[in-house]
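Chemist: Chain by chain, the residues run as shown.
There are 2 protein chains.
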Amino acid sequence: MYKVKVYVTLRESVLDPQGNAVKQSLHSMSYKEVSDVRIGKYMELTIEKSEKDVEAQVKEMCSRLLANTVIEDFRYEIEECVAQ
Amino acid sequence: MYKVKVYVTLRESVLDPQGNAVKQSLHSMSYKEVSDVRIGKYMELTIEKSEKDVEAQVKEMCSRLLANTVIEDFRYEIEECVAQ
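Those protein sequence lines, which keep their order, are chains P and Z. Residue numbers for the first sequence follow the UniProt record's numbering, so the first one is 1 and each next one is one higher. Residue numbers for the second sequence follow the UniProt record's numbering, so the first one is 1 and each next one is one higher.
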């Protein structure tokens with residue numbers, strides 16, 4: 001079994017209105033030191049072992065479904081777990 | 001300057017319909033090995049240096065605004081950056 005952590009973030013060049021809204025809220029709560037907020041997605045997948053190459057699979061899933069590669073970047077960490 | 005990474009995840013006991021929808025989609029794309037998907041949020045904050053304790057601040061921001069602690073857990077990593 002594999003535990004896969006996927007991080008999807010907006011590309012640097014893409015505006016992040018949601019992040020801006022959070023920044024404004026933090027400022028209005030008097031956290032004025034916060035100068036930038038970027039919001040992304042974090043996903044945890046559990047993948048059963050199979051003959052297929054898990055890394056290639058994860059990469060494919062990210063680019064086909066989990067991230068919109070036109071405006072988003074992704075990265076992932078794969079951890080092998082011993083079944084209990 | 002600090003770069004702070006915040007990870008907000010649903011608590012184990014809370015159902016994740018969005019994760020389930022993603023799992024179904026992955027199955028229908030023939031990634032049948034995926035047995036579970038949990039979706040969370042990932043945020044990158046940039047915080048300017050001040051006299052205040054950055055860790056205490058981040059913790060407070062998370063529990064006051066960034067995470068809903070009734071149904072979500074959060075964790076964070078703080079990295080100090082040298083200004084360019």
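Read the hints as simulated data drawn from the structure, not as lab findings. There may be inaccurate statements among the hints.
As the list claims (entries may be wrong) - Here are the simulated EDC-like pairs of lysine to aspartate or glutamate, each with C-alpha atoms no more than 16 Å apart in a straight line: (1) K59/Z to E77/Z; (2) K5/P to D36/Z; (3) K41/P to E12/P; (4) K41/P to D73/Z; (5) K23/Z to E44/P.
Chemist: All hints, please: hold or fail.
Modeler: The hints, checked one at a time:
1. K59/Z to E77/Z: holds (11 Å)
2. K5/P to D36/Z: Within the cut-off at roughly 12 Å; holds.
3. K41/P to E12/P: Measuring from Cα to Cα gives roughly 15 Å; hence the hint holds.
4. K41/P to D73/Z: OK: K41/P and D73/Z at ~15 Å, within 16 Å.
5. K23/Z to E44/P: The given pair, whose Cα atoms are some 11 Å apart, holds under the 16 Å limit.
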